[in-house]
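Chain A is already provided as a structure; the job is to place chain B on it using the hints.
Here is how the chains run, residue by residue.
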Amino acid sequence: MTTKAKAAIIGPGNIGTDLLMKCQRSDFIEATWMVGIEDSAGIQRARTLGLQTTTDGVDGLVAGFLENPVDFVFDATSAYVHAENSRKVTALGATMIDLTPAAIGPFCIPPVNLQALLDRGPTQNVNMVTCGGQATIPMVAAVSRVQSVSYAEIVATVASKSVGMGTRDNIDEFTRTTSSAIEKIGGADEGKAIIVINPAEPPLVMRDTIHCLTKEVPNETDIRASIAAMVTEVQRYVPGYRLKNAPIVDGHRVTVSVEVEGLGDFLPKYAGNLDIMTAAGLRTAEMMAQRRQSARTRL
Amino acid sequence: MNFKGRNITLHDMCLRDGMHPKQHQITVDEMVDIAGALDAAGVPLIEVTHGDGLGGASVNYGFPAASDETYLRAVVERVEHSAISALLLPGIGTVDHLRMAADCGVKTIRVATHCTEANVSRQHINLSRDLGLDTVGFLMMAHMVSEDALVEQALLMESYGANCIYCTDSAGYMLPQDVTDRIALLKKRLKSDTEIGFHGHHNLAMGVANSLAAIAAGANRIDGSAAGLGAGAGNTPLEAMAAVLERMGAVTGIDIFKLADAAEDHVLPIMDEPVRLSRDALVLGYAGAYSSFLLFAKRAQDKYGVPSHEILLEMARRKTVGGQEDLIEEIAIEMAAQTR
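If you're matching them up, the sequences are chains A and B in order. For the first sequence, our numbering assigns the number 1 to the initial residue and increments by one for each residue that follows. For the second sequence, our numbering assigns the number 1 to the initial residue and increments by one for each residue that follows.
What the hints contain is simulated information worked out from the structure, not anything from laboratory work. Any given hint could turn out to be false.
Computed list of lysine-lysine pairs in BS3-like fashion (alpha-carbon distance at most 27 Å, straight line) [what the hints assert, rightly or not]: (1) B:K303 x A:K215; (2) A:K269 x B:K319; (3) A:K215 x A:K244; (4) B:K319 x A:K244; (5) A:K161 x A:K269; (6) A:K161 x B:K319; (7) B:K298 x A:K244; (8) B:K187 x B:K4; (9) A:K244 x B:K303.
Here are a few chain A residues that face chain B, going by a calculated C-beta distance under 8 Å [what the hints assert, rightly or not]: (10) V155; (11) S160; (12) R168; (13) D169; (14) T175; (15) R176; (16) N198; (17) A200; (18) N245; (19) I248.
Note that CB positions come from ideal geometry on N, CA and C, so glycine has one too.
Chain A with its partners taken away, still in its complex shape (with noise of 0.2 Å):
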């Protein structure tokens, strides 16, 4: 019998609450705080979950730590006050899984570069870069591990619904994110990113397009065996990823759409922009945790 790791989820909106939802199915992860600043819904939920919650915000949780310590502290307020949260978390010696775009710690795309942060040993903070990247650099990094890539530009279609104040207040952070680790993780020389909002009725499900432009000509058939292979990849923990397309290739173009649709666990369906997001979190946190109990099997 093995003992999860316990979490703490700072954010009881929207996407903290789906956040907390996965990890009640969790087999490695328990969500043990629900931090927030007011009384809000999110907070009440969590309480009657039976989780510890404070509206006193990270300094609610520094103060109880000691008591109800955890390993885990998923950040889903905004870019803004990241970088404190992260500072005060990271000194108990939790690990800081970062679901604004504030960019600390490296990023994580799971099944792009997870396994290697893991083989670097501990990592104070990971940053889950943006919807948009968990979304569509598996794509890229499909195309750049057949062959090199000069330029990859993505564009992610979302519901208007499904975009909350804090991607719409700093709107070019989406972008600056995404483009960066477009190179970085997606391993293109350069990244470009575009999002497009459509308030549509009933809201479209997340949308996306991956335009890689490859040096040499594009060997098709091993191209579409690696999307396949990292489409598999993703739907391990976003079941509904889905490809629309073979993909097409024009010269030295290939392009990918994907849509992705959530498991409306707190979200609805359509917001598979956010699913994707807390899904890739928690197997972050999931994949750290299994590491570290194997670590202390060995011992």
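Just chain B now, with coordinates in the frame of chain A:
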């Protein structure tokens, strides 16, 4: 309608919206030449950017013949009287692009969002205002919402610091009454010193008529394009607009004959094909699809053998918004598979 003595600012689009039919391939020399001719005609404001705004250079929308910065520096250098504006779509361009444009000498920044998504424009409008620029909030595809919903979004942009708000008929779908309703409510609800603008497309040949309706309801900035060069069936033909306004007694500061020369001798020669009210453009205006989808649908027609106007109808049916060009190829592939 009597516009006697009213000052109307006409804003030329041929070097920005006109980039769409040119697949963003207008050369720097052509830009400088056309801007010079518009400047000589007394056009007060000329927009120069990638068709999809600053930072629009992409696989998705097309790579331009030169960078935004190269175009802007060359045109700003050339004009004597005209001010230069740049368009920015949050989600595509960023505040870094905005700073670059300001550094190039751009005097007007137009921050464009879909008509329901104004709250993504706060940081860009804030910065533009802080830089002391003429700051415009540009609400695209404005036919898709009621005048009440449009005003709520306009108020947001005004609160961020926009000194001018546009009702933008990106699909060329609106009829004069639609324009009147929207502009009249904007006029009523926005601050008295906030300017109101209208940007038309000529897909139902309503460019001039709609612009007149806008002026009658309180707008004082009107977009048009020399020789109509713009997406879809083009923008409101600027020389016709200027001539009509002069006949109605409004003051634009434009020399009609010089503007006609600019259109005929400078803009027309660079057109790849005549900008006209084609079947595809008609469908854009009739069904309400984003005008710059036109050439993408045509290319998809050539590649997949699906009629471009059918693709555009489907784009309208799916309630797509500006920027969703990437869906066109996917729809064409789906339609081709169905017909097989």
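Status of the hints after comparison with the structure:
1. Between the alpha carbons of K303 (chain B) and K215 (chain A) the distance comes to roughly 24 Å, so the proposed pair stays at or under 27 Å and holds.
2. Between K269 (chain A) and K319 (chain B), the direct Cα distance comes to roughly 19 Å. Compliance with the 27 Å bound is thereby established for this hinted pair.
3. Of the supplied pair hints, the one linking K215 (chain A) and K244 (chain A) holds, its CA atoms being roughly 24 Å apart against a limit of 27 Å.
4. About 19 Å separates the Cα atoms of K319 (chain B) and K244 (chain A), which keeps this hinted pair within 27 Å; it holds.
5. Restraint check: the Cα-Cα separation between K161 (chain A) and K269 (chain A) comes to about 12 Å, which is no more than 27 Å; the hinted pair holds.
6. Using a Cα cut-off of 27 Å, the hinted pair K161 (chain A) and K319 (chain B) holds, with the two alpha carbons roughly 15 Å apart.
7. The suggested pairing of K298 (chain B) with K244 (chain A) holds, with an alpha-carbon distance near 22 Å, which does not exceed 27 Å.
8. Our distance criterion of 27 Å between C-alpha atoms is met by K187 (chain B) and K4 (chain B), whose separation comes to about 19 Å.
9. As the CA atoms of K244 (chain A) and K303 (chain B) are separated by approximately 18 Å, the hinted pair is consistent with the 27 Å bound.
10. Evaluation of the V155 (chain A) hint against chain B yields a held restraint, the C-beta minimum of about 5 Å falling below 8 Å.
11. Satisfaction of the interface hint for S160 (chain A) is found here, the shortest Cβ-Cβ separation to chain B being roughly 6 Å, below the 8 Å cut-off.
12. Restraint check, R168 (chain A) versus chain B: the minimum CB separation of about 5 Å is within 8 Å; hint holds.
13. Interface restraint check for D169 (chain A): the shortest CB-CB distance to chain B comes to about 6 Å, inside 8 Å, so the restraint holds.
14. Because the beta carbon of T175 (chain A) sits about 6 Å from the nearest beta carbon in chain B, less than 8 Å, this interface hint is met.
15. Given hint, R176 (chain A) at the interface with chain B, holds; its Cβ is 7 Å from that chain's nearest Cβ, closer than 8 Å.
16. Restraint check, N198 (chain A) versus chain B: the minimum CB separation of about 5 Å is within 8 Å; hint holds.
17. Below 8 Å, beta-carbon pairs count as interface contacts, and A200 (chain A) has one with chain B at about 4 Å; its hint therefore holds.
18. Annotation: N245 (chain A) was flagged as interfacial toward chain B, and the flag holds, the nearest CB pair being 6 Å apart, inside 8 Å.
19. The beta carbon of I248 (chain A) is positioned within 8 Å of a beta carbon in chain B (closest approach about 7 Å), and the interface hint is therefore held.
Hint violations for this structure: none, all hints satisfied.
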